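Listed below are the residues making up each chain.
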Amino acid sequence: MTMKPAEPTGAVLVIGGGIGGIQASLDLANSGFRVYLLERLGAIGGAMAALDKTFPTNDCSMCILSPKLVECGRHLNIELLTNSELLALEGVPGAFIATVEQKPRYVDIEKCTGCGECAGVCPVRLPDAFNRGFSTRKAIYRLYEQAHPPAYQIDMNACRRCGLCARTCAAWAVDLSMEPVTHRLEVGAVVACPGFETFDAARIANYGYGLFPNVITGIEFERILSASGPTRGNLRRPSDGRMPRRIAWIQCVGSRDIHRVNNGYCSSVCCTSAIKEAVVAREHGCPDLEATVFHIDIRTHGKGFERYFDRARNEHGVRFARSEIHRVFQDASGDLILRYPEGGAVREEVFDLVVLSTGMVQSAANRELAARLGIELDEHGFCVTDTLSPVDTSVPGVFAAGAFTGPRDIPETVMGASAAASRAAELLSRARHSSTRSRKYPPEKPFGGSRPRIGVFVCRCGINIAGVVDVEAVRDHAAGLPNVVYAVDTLFACSQDSQRMIREAVSEHGLNRVVVAACTPRTHEPLFQETLREAGLNKHLFEMANIRDQCSWVHQAEPGNATAKAMDLVRMSAARARLMKPLAQTSVGVERSALVIGGGVAGMVSASALADQGFGVHLVESSGRLGGNALRLRSTLDGSDVASFVKGLSERVSNDPSIDLHLGAQVTDVAGFVGSFRSTVEEADGRRVEIVHGAAVIATGAEPHTPSGFLYGLDPGVLTLPQLEERISAGDPVAASCRNVVLIQCAGSREPGRPWCSRVCCSESLKLALEMLDRNPGIRIYILYRDIRTYGLREKYYLEARERGVRFLRYDPDDPPVIERGDREGGAGLRVTATDTVLGERFTIDADLVGLAVAVVPSGSSRRLAGLFKVPLDEDGFFMEAHAKLRPVDFPTDGVFVCGLAHGPKTIDESIVQAGAAAARASLVLCRDSIEAGGTVCVIDSAKCSGCGICALVCPFRAVEIDAEEHRAIVNEALCKGCGLCVASCRSGAADLGGFTDAEIHAMIGSFTSGNAGR
Amino acid sequence: MRNPFVPIPMTVERNRVETVDGGIRTLTLSFPADADRGAFDFVPGQFAELSILGVGEAPFGIASSPAEGGLLDFTISRVGRVTTALHHLEPGESVGLRGPLGNGYPMSELEGGDLLLAGGGFGFSTLRALARFVLKQSNRSRFGDITVVFGARSPGLLLYRDDLEEWGERRDVRLAVTVDRGDGSWTGLTGTVPDALRRLDIDAGRTTALVCGPPAMIRHTIPVLAGLGVAPERTHVSLEMKMKCGIGKCGRCSIGGRYVCTDGPVFRLADLENLPGEFR
Amino acid sequence: MEASAIVRTVRERAAELLASGRVDLVIGFEQGSMPMRAAPCFVSDADGTDRLVWNSFCGVNLARFLRGRHGRIAVVAKACDTRALVELIKENQLCRTDMVVIGVPCAGMVDSAAVEEITGHAGITGVEEADGRLLLTAGGSPVSLPREDVLCRSCRRCSTRNPVICDIAVGERAPEPEIPGFLDVDQFAALPSEERRTRIEAEMKRCIRCNACRNVCPMCYCVRCFADDAFPQWVGRGGDPGSVMSFHLVRALHLAGRCVECGACERACPTGVDLGILNRRMSADVYRHFGYRPGMAPEIPSPLSTFSPGDPEDFMLEPDRGRSCGCGG
Amino acid sequence: MRRPPGRGITDLVERLLTVAEVYAPVERDQSVVFDRIESAREAAIDRGPAALSPKNLVFPRCEMLLSSSTRGDESGRAPDPGPGGPRVLFGVRPCDARAIALLDRILGGGEKTDSYYIRRRESLVVISIGCTESLETCFCETTGGGPRSTEGSDILLEDLGDRCEASIITEKGVWLAGQIGLEHDPAGARTPRGPAPPAGPAADLAELKKRLDRSFEDQCWRDIALKCIGCGVCTFLCPACHCFDVIDEETAGVRVRSRIWDSCQFPAFTEQASGYNPRPSAAERFRQRVMHKFSYCIERYGMPGCVGCGRCVSRCPVNLDIRTVTASFLGDGGEP
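Chains as they are written, first to last, in this note's numbering: chain A, 180 to 1194; chain B, 123 to 402; chain C, 182 to 510; chain D, 1090 to 1425.
The hints are simulated quantities; they were obtained by calculation from the structure and are not laboratory data. Here the structure is a predicted model, which is why all the values come from computation and not from measurement. Glycine included, each C-beta is placed from N, C-alpha and C at the ideal position. It cannot be assumed that every hint is accurate.
Incomplete in silico selection of chain C near chain D, CB under 7 Å [stated by the list, open to error]:
hint, residue
1, S214
2, F223
3, V241
4, C391
5, D409
6, T452
Build the full structure now, drawing on both the sequences and the hints.
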């Protein structure tokens, strides 16, 4: 329970502009809090901006990150403080004062349009740190091409103060006289997501990093693969620019290493990251590229990662070699020789390129930040958090997420950030909407089918467009087009001046459609639409032609053709504009309560977080008791007391007046949609009640797999790990007096039928092994495993277990351990036979007890619930989130969220984090009075609809349904995302997309093909 | 012989919004060529085809009286491509016109008797032409009592507000304006055109009824007129129908052996009753 | 089973269905107004079932006639009719429980135009069938033709001769010939592109836009066809050859993954346009990419009517895959 | 059985070719259509009736009415008629010629004549050949025509093998006969080469019209039209159907108004912009076709809108035979 300050400040300081900080900022700002987002560098984006692709979906990292950058950068309630450092934090939770120093950028962010002319003239060239020195940049530069804010900055350490940039800048944005500024920010809470650094590979001299040019780090390799990187995505090795044919990855560089460097932890992401790099390299590189990953264990414990690993091996031909590489040699050609033991001999192999999978480490800067915040760090510099309150730091009111709290991948970081946002919102719920701003617009002018009066604004973008495209000619071409009553060119269409000019032109010339020919609508459309709204026009009366990216940039060498194409694009835009209509938005009221399904830890955490944020909650648990799977757990690997945690949480949930508990109940029907679901709950006594709720959280957990084989169920000495834990907890005398215990890993996981890694079993096995050792020091414990996956900071328990004599024997899945009844007299004699692949020897253990690390399998109720909520399950039967990376608790269906084991196997702390994240995401719905629907959504012409239902079948958002009575498709505007799939699939032309109607697109094509006919 | 498919070029003089939703507008057109103006001889009830080359052509009743100095009004409801393009015309722009087409109201028969003009929606346009013609000072004396009934779905969809206002103030015309559904500020009649007709007190023996409107209105109006005692021989109905060529060739406006475009659009109810029951 | 026996059984079953009230209407074929013609026929009382016939001229796809009718309907259906029914059920146009399928095996339908061509357009006053031959009276003289020589184009390449859904089976299963799939498509595809173009243009040139192909097609059921749309106008209505081509190309695309290759369109065309040249290519592509033949089973969704976010998107990528995400800036 | 045309016919064609453009039935892409010929060999007189009627020559499937590329020029320009030399439509059957006579009354007549039709028609001389055989689909006599019908023809030929006899019917015919030295055979002297086809059932068009007029509201139309698929085969192949639509199109800056064949069988034919359609289903549309041909046309133009060529009968995809329909009205009950 949170102690809430009486009158907190409704603002939050978020530290770190990586994906974690961005997510926390957006979640907070979108749920009614003002956010100061602090970033040390000149632009947000963090580590993710430097990645090429992300696993396991191989999405382009920048492509999925970029919309978030734009949203963050444009958000009315997020104040971006780049080049800034926290100096001090004073005060109490709910009312902190943060002192922040912002270093001068020497470029006015408001004025700079990002045209890049300044960098063109800058005479200073220095290695580009973002591209890890594989390319150069100027002293006036932008961190990376898609950086946000898009404004340039000057690196004063390199600047020669020649003033060329200032003189070149047409927007008068360069200001060399800028001074540092100190901000004193009143905030109620702090979310720290300052991220990580990669391990400095030069610290391990054996690999020759820094000496051999073709030994590079993973992140450097990412830059080489990246389409926006130094080689434009062409796979080239540094020494000679040759395309490498043989690439080796060396894992655990700086991780799991207590000998060469004191980093005893596992960096968690490197295995899957290396697999991704290998797969992508094979796609980019030559077809016969040989990719070899040298590793200790392959740790693909994340959701979908094991399949990814399987595909890499089986489909992409990536070779995995279980060998620790001790040294790399270089030959005269720059090729690299790796020596490694194989089958008792030492093998030598030559590679063109060696990629070092360097681990995550904490920087000195982060340590200093922690000191200023007053928060506690562990021996490696990671922020200390409690397992059962995993985003709380040692300082109340300061929350932390992401790799700052331990090695984390992107979805873990995103979930942590959302969870931290939820914690902050719980603390500050009384101050929601107290510090935020909102915009007021004039009423829209009546439209009434008037003749189109189009204004065309052609942007010069400094000389960015005008240097190639004949902007005047394009403007004149536009002026001659039908219905164009005003055409003008502007220096920078996106400047504040131009916005005023557009507003004035709208009223002066009675414009009712606006076309801007400039850059991409992806980044700039919202700005101009805002201007239209300010001018009293519906924002959908706007159209953009991208004559920069699509003309002046790509056809730089052919100005004539670039100009002709720009004219074509403008003509097409005007043709579309002629048909544009205002699109109405309608408001749908929001019921400010949530339905949480599942009374396990995830469900309870989510419910209590939502209640703490001030929302009503209906918590439905199908059994008669709260606690779920955690009832079987006594403690965690690190010794946290799960039992009393669950007890406390259950009491808190039971006693909270805003939580309506439904025990022994089932959700039997779901109707409605985001903001106003109407669900039917069948209570324990058979009564059916209808619950109206704005959002739903599915936290229905998972189940342990019941193993077949291994004599399970046939011999009392063969137990599942949960059963074994119960025995140990109960002080079972047999367990206490055992001499030999065998724990078999992957009993039911990572095999056909259940091809996923159950993630928790290795840690659980270690937990039990250590506990049994504590109780019975004479016991001999054998852990039969395939890969030990004690990822992250759990690795230290693996070390401890080994030190304390636990025997780890690796078996081959093709030759699994065999359990027979032993012939030993007395007791439950079991004989376990297996082959240790490390030593290549067959061994037999006479065991008193055999513990099976059984798989975590989806809950039996998942399929039914998925049907009710129209949300998808993945191929394994777990709930499938909207996006594996950036929307890890959302569904494509708005207003429904998932957390805990229902989403996939995870540990209790991970469940708690995800539950917090689900609460944060649900609160974004619940904190609003209404949801805007309509606009760019599908419209069905029922006169044309034949009710074939294909639109409903293909809609990924379940926004289309067939009315059984009328036999016509109906679109739920509140759910429709305007993706257009239904439009494309409708043969009858009955589905049309508002703002992108068939008629509009037809007109564009028509105006293109008819050349200058429009004149 | 003149090619009947070649339109007369006309110039847009005015483009007025008639209804609050902007869905109906009235275009006022003038003849740039005197010869064309001189040759354009029409009676109320006739129609013309308006066209924009490359966009299309559509028939519209002439909404102005012949006695208006060479200016022609056309009231256009925006329903498709052609009507949208016509709505977008601005003064000074050009539009094609073929006409006058059709037979028009039987003016000689009307003289001397009472007139009952009943119109609904934008079908009222040719009745407006007729009303303006008969109410013109120089013509008024040739007609008896004149009653005008005009109905629209809602107050916002009423047309020709200036005319309605003027007629409402005149003593020599009885005006009944009705709307299907009123709004807060509507104080006039509510109900359909047949509803309004039922309340009328007319001298059926002297009256000639002229009806124009959508098919449903006509269907319901005819029995009411019969109830009032207006003989089918003295009831004239102007049909709204799909036409293309306007000159009795293209075949689509055939009703029985008649073509609406050349034999109509105004039909004596007595004749209409002998025709197949289409278009009614 | 002899043709006459099939007719007898069809009539009996239809009469039973109507008499018992299990259906309100039976759709089948009746003798046409001339020899070598059978016409769709609608029987709503048991007495009328004597009109029903079954012969080699029942080429119209009766699945075309079920939509939009109330009540329970029995339909006398050959294989391709049932395939169309299956697709229509999938597309929500028909309800399986509201229909009774009287399934009749099919040995392929006879192309009466081909017969007329062979007999030199001499008046045909009689036609009978026996042992796989047509016995005709042409210009007053007897003529005997092997059925196989005068089968419809679509029937020659058809290997599905038995109804795929059936409630009442009439007759014995027809042997289903092994026909190499899409030989015709491959042969055509192997021609030089100029030649293909010329061929297609020649076919399209004959089209008079009468819409018979569309209107007879069981799968062309849009309330308003794209070709009749005025805004936007997808297809010109004037004499431009491109408009004719567009009409047929778009129709072929709309039928991709749905066309049951009954050949009804080709038989209906008054100018003999070879529409298979387009539609068969679509069928071949759908079969080869997705292993899918339309109308074979109600539970298999048409591959072109489904979407999942995990669908492969390789086809969107440039040859140098992985670089076309547009993120290059 | 079919016989090749006699030498008399081919000689005549050769002579015609020296004085005029000649359009005759030719085989194109496996079907017989009317098209321009350059030599008598091309004429496919013996290949059965043409799949498409010759109306295309006077009433093309698509004909440009006006065009302009100048904005604001809403009058447009009518296409240049080109050199107006004589054109001979050779080898039509009397039924098709009779249909042209009907088109003359509809498109060429009335208060406002159709200048496009007139232009094409004026230069056209129609030479028909009397039929010596009838197909199972022929029913010209029930429509008031016959294998020797002269309506619409300028010259009617009889194929007598090595020569042909000509009945010269009109002034145009006289002129053309003079041009090629064709002698007029008095009608009474004609001795056909083959036997005249058997006469069809005596048509009582007036009785049919009467019964149809009584049956407008009859339920039978619904039953008759059950199988109608609403395509335009019957109307597009019909030599007498003349309904058209006027369309505007713009391509490459040229704005064009054209007329195209339309069909009363298409729903859009009468559908109004508001969506209201007075003929909402196939039943009303099929009724319109039958009524128009056998009642309205007779009333308005004094002849039926059907000449009994049989194209609609032979090509209807669902064998909806107009003869069966009309016969059903002429049956005992007067109604089917």
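Which hints from the list above does the structure break, by number from lowest to highest? none
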